[in-house]
Amino acid sequence: MAHIKVEEGVPGIRSLVMFRPETGKPLYELAQVLLRGESPLTEAERELIAAYVSNRNDTMFCMMSHAAASRHLYGDDKNIVDDVLKDMQHSQVSDKLKALLNIAGKVQILGKKVTEEDIAEARKQEATDREIHDTVLIAAAFSMYNRYVDGLASFTPTDEKEYEEMGKRMAEKGYVLPNNQK
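The sequence shown begins at 0 in numbering that gives the first Met the number 0 and counts up by one.
No wet-lab data here; the hints were simulated from the structure. Yeah, the Cβ is synthetic: ideal placement off N, Cα and C, and Gly gets one too. Among these hints, one or two may not hold up.
Result set (DSS-like, lysine-lysine): computed pairs, CA atoms no more than 30 Å apart in a straight line [stated by the list, open to error]:
#	residue 1	residue 2
1	Lys167	Lys24
2	Lys24	Lys105
3	Lys172	Lys95
Restraint ranges, calculated between C-beta atoms of paired labels, are given here [to be verified]:
#	residue 1	residue 2	range
4	Arg129	His2	34 to 40 Å
5	Gln88	Lys172	29 to 35 Å
6	Leu176	Met143	17 to 23 Å
7	Asp86	Thr114	18 to 24 Å
8	Thr114	Glu21	34 to 40 Å
9	Leu151	Ala119	37 to 43 Å
10	Arg168	Arg122	31 to 37 Å
11	Thr41	Asp86	19 to 25 Å
Just need the whole structure built from these sequences, with the hints factored in.
Structure representation (structure tokens):
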């Protein structure tokens, strides 16, 4: 049960956005820009970064929903998502994405943990400044989103089928406010 009075049965950040739409709207807009806006990283990769950071933060709602969106976007290659969440270093993603996920993991702990060596490794794997930037911002934003959802103990469904539907909606429609919000 949430720490504050939100609409019952509305999962995760959606209930918090409905509680306080004036703060929720910019959070959704940021997610839309980060995960669906123009970027050299694919939408599937950006959703994977969000899921990876959320997994490291032990935020089940965000991890499950963004992993489901990433799986939907990866299509036939959807197993990549679970491989990364289980053991990123031994997963089948590119060395460039591994280097970027390593940076995201360090940002999740503390931004100052990212070293020149981490950046050099990403550049060695041909990551651009924009890819490094977007990775860091996604990791930082999702650490905030995770703390928001967990800090208010928002409702977290346990049925994986619910996340499949959420992931499909997120992948296809992006980050749109709940129907009754502007």
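So, going through the hints one by one against the coordinates:
{"no.": "1", "hint": "Lys167 to Lys24", "in the structure": "holds, 21 Å"}
{"no.": "2", "hint": "Lys24 to Lys105", "in the structure": "holds, 28 Å"}
{"no.": "3", "hint": "Lys172 to Lys95", "in the structure": "holds, 28 Å"}
{"no.": "4", "hint": "Arg129 to His2: 34 to 40 Å", "in the structure": "holds, 38 Å"}
{"no.": "5", "hint": "Gln88 to Lys172: 29 to 35 Å", "in the structure": "holds, 33 Å"}
{"no.": "6", "hint": "Leu176 to Met143: 17 to 23 Å", "in the structure": "holds, 18 Å"}
{"no.": "7", "hint": "Asp86 to Thr114: 18 to 24 Å", "in the structure": "holds, 22 Å"}
{"no.": "8", "hint": "Thr114 to Glu21: 34 to 40 Å", "in the structure": "holds, 38 Å"}
{"no.": "9", "hint": "Leu151 to Ala119: 37 to 43 Å", "in the structure": "holds, 39 Å"}
{"no.": "10", "hint": "Arg168 to Arg122: 31 to 37 Å", "in the structure": "holds, 36 Å"}
{"no.": "11", "hint": "Thr41 to Asp86: 19 to 25 Å", "in the structure": "holds, 21 Å"}
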